[in-house]
Each structure stands twice: as structure tokens, then as C-alpha cells.
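Residue 103 is where the sequence shown starts when you use this note's numbering, and the numbers rise one by one after that.
Hint data in this document are derived by calculation from the structure and do not stem from the laboratory. Each hint should be verified, as a subset may be incorrect.
Now the in silico label distances, taken between C-beta atoms and shown as ranges [claimed, not checked]:
#  : residue 1 : residue 2 : range
1  : T125      : I189      : 22 to 30 Å
2  : L146      : F200      : 18 to 26 Å
3  : I108      : D217      : 22 to 30 Å
4  : A204      : R250      : 35 to 43 Å
5  : V212      : V149      : 19 to 27 Å
6  : N144      : G177      : 29 to 37 Å
7  : A295      : N144      : 44 to 52 Å
8  : G177      : Q211      : 44 to 52 Å
9  : G177      : P145      : 42 to 50 Å
10 : D136      : E173      : 41 to 49 Å
11 : E173      : F216      : 16 to 24 Å
12 : P274      : V212      : 44 to 52 Å
Backbone N, C-alpha and C define an ideal beta-carbon position, used for all residues, glycine too.
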Amino acid sequence: MTASLITRLAGPAALAAGTLMVTAQLVLSTFDMDQHVATSTNPLFQVTQVFYLLGFMALMVFLFATSRWLEEKGGKFGVVATLAALIGTMALGGDLWFETFAVPWIADQVPGAFDTEPTIVLALGAISSYALMALGWVLYGIASFRARVFPRTLSVALVIGGLLAFNALLAPFGVALGLAILAIGIWTVRNPAAASHEVVPVREPVSIG
């Protein structure tokens with residue numbers, strides 16, 4: 103049995119996500135985030151934010167591609183963990199989209215907005231997206247560890263990366279998760295048979311006579 107098309111995207115998606123996330127975070131870490139207006143309107147910062155957002159999109163593809171593995175090997179907990187990681191990534195990805203496209207416009211048109219306190223609704227929305235991201239990836243790492251979907255050291259790296267992902271929008275806290283995903287991508291590409299988790303049917307010998 104060959105791996106389905108979607109599962110075959112797991113390795114490339116992980117490689118893309120990890121590379122984009124780590125590279126973007128390293129570049130973003132060179133900016134002074136206390137200088138909100140100057141940083142948000144910097145062209146290099148804006149382009150780097152787009153690449154980081156693309157990394158989150160690749161991360162979503164990776165989760166979809168590995169959902170079958172987590173379901174078959176991890177059971178109900180694997181499904182819950184995958185859904186939690188999807189929801190968390192989407193929630194923080196929405197926050198990242200806002201910071202990538204809306205915040206530079208606000209910094210250019212209404213720079214004084216950065217000197218005001220956020221509303222309760224905005225603050226709760228931000229905190230919930232951070233928490234969902236961290237919780238989702240911690241659960242995904244635990245599920246993959248229990249189900250042995252990936253080498254256990256990589257699953258532990260996912261848990262650590264998930265914990266640090268609470269601050270994934272602040273460089274360099276997203277590097278750990280990016281490195282874990284990148285390592286999984288390398289392992290998946292180098293070990294396609296092990297990564298596919300497909301069961302090869304055993305043919306019964308044909309008796310003659």
C-alpha cells in the first residue's frame with residue numbers, strides 16, 4: 103500500500119514550515135519591538151512577517167497531512183491533539199495576519215494608537231490565541247510521543263516548542279517549534295517507509311498440488 107497524496111505532503115510541508123519559521127524568527131529578532139512605529143513600517147520587517155505567515159500556512163498543511171497517522175496510531179487522543187493544534191495554529195495565525203497586514207497600516211495612519219491601552223476584548227482575544235497555540239502543540243507532541251508517530255526525541259522537542267510557542271509572535275520564541283518541525287521534516291523525507299506508517303499486506307504462499 104502506498105501513502106496517500108496528503109500524507110506524502112507531510113515531509114515537504116514540515117521542511118517548508120520549519121525553514122520559514124526559523125529564518126523569519128531569526129530576522130525578526132534583530133528588530134527592536136519597543137519601537138512599534140519604526141519597526142512595523144520597516145519594509146524588511148513587513149516582508150519577513152509575510153514569510154512567517156507562510157510558515158504558519160505550511161504548518162497547517164503538515165497537521166492535515168499527519169492527521170491520519172495520529173488517528174490510526176494515537177486513537178481518540180491523537181484526533182483531539184491534532185484538532186487542538188489546528189485550532190491553536192489558526193488562532194495565532196489570525197493574530198499574525200493582523201500584525202502582518204493591519205498593524206503596518208495603523209502605524210502609518212494612526213501611530214498614536216500604540217500609546218493606548220488595548221481593550222479587554224482585544225486583550226482576551228490575544229491571550230486566548232497564545233494559550234490555544236501552546237496547548238495545541240503540547241498536546242500534539244504528547245500524542246505523537248505516546249503513539250510513536252515520530253522518534254520520541256522529536257516528540258519531546260515538539261512539546262518544548264509548544265510551550266515556548268505561547269510567545270511565538272515574539273522572536274525568537276518561535277524558533278524552538280520551527281526547529282522541531284524542521285527536524286521532523288528531515289526525518290520524514292529520509293525515512294519515507296517509516297514515516298508513511300502504512301501496513302504492507304503479507305501475501306500467503308501459494309501451494310502447488
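Tested hints:
1. Between T125 and I189 the CB atoms are about 26 Å apart, so this pair conforms to the stated range of 22 to 30 Å.
2. About 19 Å separates the C-beta atoms of L146 and F200, a value consistent with the hinted range of 18 to 26 Å.
3. For the pair I108 and D217, the beta carbons lie near 47 Å from each other, so the given range of 22 to 30 Å is not met.
4. For the pair A204 and R250, the beta carbons lie near 42 Å from each other, so the given range of 35 to 43 Å is met.
5. At roughly 22 Å, the beta carbons of V212 and V149 sit within the given window of 19 to 27 Å.
6. In this structure the hint that N144 and G177 lie 29 to 37 Å apart at CB is violated, the actual value being about 47 Å.
7. A295 and N144 have their C-beta atoms about 46 Å apart, which keeps the hinted 44 to 52 Å range intact.
8. Taking 44 to 52 Å as the suggested C-beta distance range, the pair G177 and Q211 conforms, at roughly 51 Å.
9. Taken as a hint, the range 42 to 50 Å holds for the pair G177 and P145, whose Cβ atoms sit roughly 48 Å apart.
10. At roughly 44 Å, the beta carbons of D136 and E173 sit within the given window of 41 to 49 Å.
11. In this structure the hint that E173 and F216 lie 16 to 24 Å apart at CB is violated, the actual value being about 44 Å.
12. Between P274 and V212 the CB atoms are about 29 Å apart, so this pair departs from the stated range of 44 to 52 Å.
Checked against the numbered hints given earlier, this structure breaks hints 3, 6, 11, 12; the rest are met.
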